[in-house]
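Chemist: Turn these sequences into a full structure, and let the hints guide you.
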Amino acid sequence: MNSLDFSIVVQAWPYLWLGLVFSLALTAAAFLIGMILGTLFALVQHFEVPVAGRLVRAYIALIRSIPLILVLFWFFFLVPIVLGHLSGTGRPVPIGANWTAFITFGLFEAAYYSEIIRVGLRAVNRGQFEACQALALSTFHTYRCVILPQVLRVASPIILSQTIILFQDTSLVYVLSLTDLLGAASKLAQLNGRLVEMYVVVALVYLGISSAASQWVASLRKRYAMAGTRR
Amino acid sequence: MFGVLFEQTADGQRYIDWLLSGLGWTLALAFFGWWIAFAVGLVVGISRTVHNPIVAVLARLYVEIFRNIPVLVQMFLWYFVLPEVLPTSLGNAVKQIPPPWGSFFPALVCLGLYTASRVAEQVRAGIEALPTGQSEAAQALGLTPYQTYRFIIVPQALRLIVPSLTSEVMGIYKNTSVALTIGLLELTAQARQISEATFQTFTAFGAATLIYLALALIAYQVMAAIDKAVRIPGTTPAKGAIEPSLKDDLEQVGTLPDAIEVMK
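Residue numbers (my numbering), protein chains in the order written: chain B, 533 to 763; chain E, 188 to 451.
The hints are simulated quantities; they were obtained by calculation from the structure and are not laboratory data. Each hint should be verified, as a subset may be incorrect.
Which chain B residues stay away from chain E? Per the calculated CB distances, all over 10 Å, these [as the list claims (entries may be wrong)]:
hint : residue
1    : 556
2    : 575
3    : 583
4    : 585
5    : 597
6    : 599
7    : 621
8    : 638
9    : 663
10   : 724
Facing chain E, a subset of chain B residues (Cβ under 10 Å, in silico) [claimed, not checked]:
hint : residue
11   : 596
12   : 602
13   : 696
14   : 701
15   : 707
16   : 713
17   : 731
18   : 739
19   : 746
Positions of the beta carbon are idealized from the N, C-alpha and C atoms, including for glycine.
Modeler: This is the structure we're talking about:
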């Protein structure tokens, strides 16, 4: 066993930091895209929109049945082709690994968020809908101002837990040789041979961020649970 | 479309043989990993509910650590870091395990222990969902704490959590693909190899996707059958008295640690 030298990590920190920023940016972007699309998907199913409802359901079932790495491979292969068709030229449009990662994670997470929101929609008390009708709110206003805010509030601990999982899952962009936190560490480790220090530090960073976030979510959940009993 | 799978490869096999060998590794990892996860998860989950503070804290620590580090990073810790921090002779012995076993065992341990932390949370949730009257009645009958857990608490808790364990089973078979990062040629890795060798990306990934879908369906059906066989009479799954179906499973907000709370 070679002696461990964690001072190497101090030197490497600026590069690791860039990687961490990429991981966080990917998480934030996937969260935004995923929530917007996911809400849309959930509503499409909730209203049982013909054809679209079935398509969305099939998409979600498919995405949830295959490993994320395979999804990543799929999208890296498909996105340039689809973009090519959309742009009308029919030729694949290379947009670079970074962009594809953002699109992939956004579309992937949409499937998971949409399931959470859909369950939330079903859990809303019928009285809420009836009250909206009695107040003559339009369907749009009913959902926009009454139903969705409640769903998002009730589901927020679960949505946030899912986002923590998403943050951990972003490490899988390693298979596409992107420089996220883990990618940065592994590239440095190949240069300086300090595998042990690099991977241990990366593990600690992930552990620190994820468990701090989990604690926060747990306290949030407790607060909402108490608010629920007061009703 | 899938014709290319039956063509000869450079090493005299057919591409479909590559896929099948990948499927074999995926299944082996998922199957044996699941039993590690179930055994360790059961022990840790029970430990989280006992009154001994040291045991409870250790169990909590286990869950926190294994749940909050990405599987891929854990994979690297087992594969790259462990042999380095072991005593030299033992570390060298580990490094000399011939492939593919040298990748398989770290992946197995990694997936087993990671999934165990998630199973532990389900077990704990199941135990906490039981009415306290169960353990009080056991006490009143003069059962020891061990007997209470062994004969009263754990059997009921396990029967309650079968639906939520389904998503953990699904989780472990999907996570087997992470093993490709440490060089195990499981299903996804083989699909990528075929795609690179033949440039038939659509076919290669399509075949792998179909296999994963079939596995998901089988895993689901098996768990539904188990649930049906062991469900405590009179308790309906929280989602209502519907027959279990793939649709219901997908409604469970699957891989979340708080699946049980979602259902309430």
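Chemist: Check the structure against each numbered hint from earlier and tell me which ones fail, lowest number first.
Modeler: 5, 6
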